[in-house]
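> My numbering applies: residue 283 is where the sequence shown begins, and numbers increase by one.
Possibly wrong hints are sitting among the right ones.
To be verified - Derived CB-CB ranges, DEER-like:
#1 Gly-385 - Glu-349: 38 to 48 Å
#2 Ser-400 - Gly-334: 20 to 30 Å
#3 Gln-332 - Lys-303: 37 to 47 Å
#4 Tyr-324 - Ile-360: 24 to 34 Å
#5 Val-346 - Lys-302: 22 to 32 Å
#6 Arg-415 - Phe-330: 34 to 44 Å
#7 Glu-442 - Tyr-405: 24 to 34 Å
#8 Ser-439 - Leu-307: 41 to 51 Å
#9 Ala-401 - Ala-352: 26 to 36 Å
#10 Ala-352 - Lys-413: 17 to 27 Å
#11 Lys-413 - Ile-459: 18 to 28 Å
#12 Val-346 - Leu-307: 20 to 30 Å
Claimed, not checked - Pairs of lysine-lysine residues, derived as BS3-like cross-links and limited to a Cα-Cα distance of at most 25 Å, are as follows:
#13 Lys-358 - Lys-312
#14 Lys-303 - Lys-358
#15 Lys-413 - Lys-358
#16 Lys-312 - Lys-302
#17 Lys-302 - Lys-358
#18 Lys-358 - Lys-414
The set of hints was computed from the structure by calculation and includes no laboratory data. The C-beta atom is built at its ideal place from N, Cα and C for all residues, glycine as well.
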Amino acid sequence: ENKMKTTACFPMMGLFNDHKKLCLLIHSLKVGFALVLVSLFYLVDPLFDQVGVNAIWAIMTVVVMFEYHAGATLGKGINRGIGTLLGAVIGSLVAVTADSIGGIWRPILIATALLFLSAAAAYLEQTPRIKKRYQYGFRIFILTLNLVSISGVRVESAVEVARDRLANIGIGFAVCI
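Put together the whole structure using the sequences plus the hints.
Encoded structure:
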């Protein structure tokens, strides 16, 4: 009866009686701390000057990657890293090739490449062996491929976009680990 009065007056005290709830609380605080840490790249001017507007990818990386178990976070991080790297490299190749052709063919080449590469990746990610462990990496590949490829149309260099995306995802991954 005395225990019930204590937890009724101080509901947070009940968390310390249950190991699982305490672990969830600690995990939640780690996620919050990681988000504050990567947000500093966006909020603090000297850091923002170094990283730029693409710092948002570090924040998104923490949000989508941070898992309750460290092994799951590591697995997601490796999937995200490989998917981002492959998407950035292939997206840069698509953008550079389209730039070298130029003219009316530039957007046609980008759209055609994105259609076939994205469709192939979406098909492969649904195969049972891949879907179980690597679906997240394939989704990140598709996202990065499209972002980097089309960024070459409106931005000076798709390669710079790819480099910045990789760097900021690396920052988010490092904070998660």
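> CA of Lys-358 to CA of Lys-312, is that 25 Å or under?
holds, 17 Å
> Do the alpha carbons of Lys-302 and Lys-358 lie within 25 Å of each other, as the hint requires?
Holds: Lys-302 and Lys-358 sit about 23 Å apart, inside 25 Å.
> Quick check on a hinted range of 24 to 34 Å for Tyr-324 and Ile-360, using CB atoms only.
At 25 Å between Cβs, range holds.
> For Lys-358 and Lys-414, compute the direct alpha-carbon distance and say whether it is at most 25 Å.
Distance ~12 Å between Lys-358 and Lys-414 Cα, so the pair holds.
> Verify the proposed pairing of Lys-413 with Lys-358, using a straight-line Cα cut of 25 Å.
Holds. Lys-413 to Lys-358 sits at ~13 Å (cutoff 25 Å).
> Does the Cβ pair Arg-415, Phe-330 satisfy 34 to 44 Å?
Once the Cβ atoms are compared, 36 Å apart, the range 34 to 44 Å for Phe-330 and Arg-415 holds.
> For Gly-385 and Glu-349, compare the CB-CB distance with the range 38 to 48 Å and indicate the outcome.
For Gly-385 and Glu-349 the Cβ distance comes to about 47 Å; the hint holds.
> Kindly confirm whether 17 to 27 Å is satisfied by the beta carbon distance between Ala-352 and Lys-413.
Once the Cβ atoms are compared, 23 Å apart, the range 17 to 27 Å for Lys-413 and Ala-352 holds.
> Do the beta carbons of Ser-400 and Gly-334 sit within 20 to 30 Å of each other?
For Gly-334 against Ser-400, whose Cβ atoms are near 27 Å apart, the range 20 to 30 Å holds.
> Okay, Glu-442 versus Tyr-405 on CB: inside 24 to 34 Å?
Holds, since Glu-442 and Tyr-405 (Cβ atoms, about 30 Å apart) stay within the stated range.
> Does the alpha-carbon distance linking Lys-303 and Lys-358 stay inside the 25 Å limit?
Distance of about 24 Å is within 25 Å: holds.
> Kindly confirm whether 20 to 30 Å is satisfied by the beta carbon distance between Val-346 and Leu-307.
The hinted range 20 to 30 Å holds for Val-346 and Leu-307, with Cβ atoms some 21 Å apart.
Hint compliance for this structure: every hint is met.
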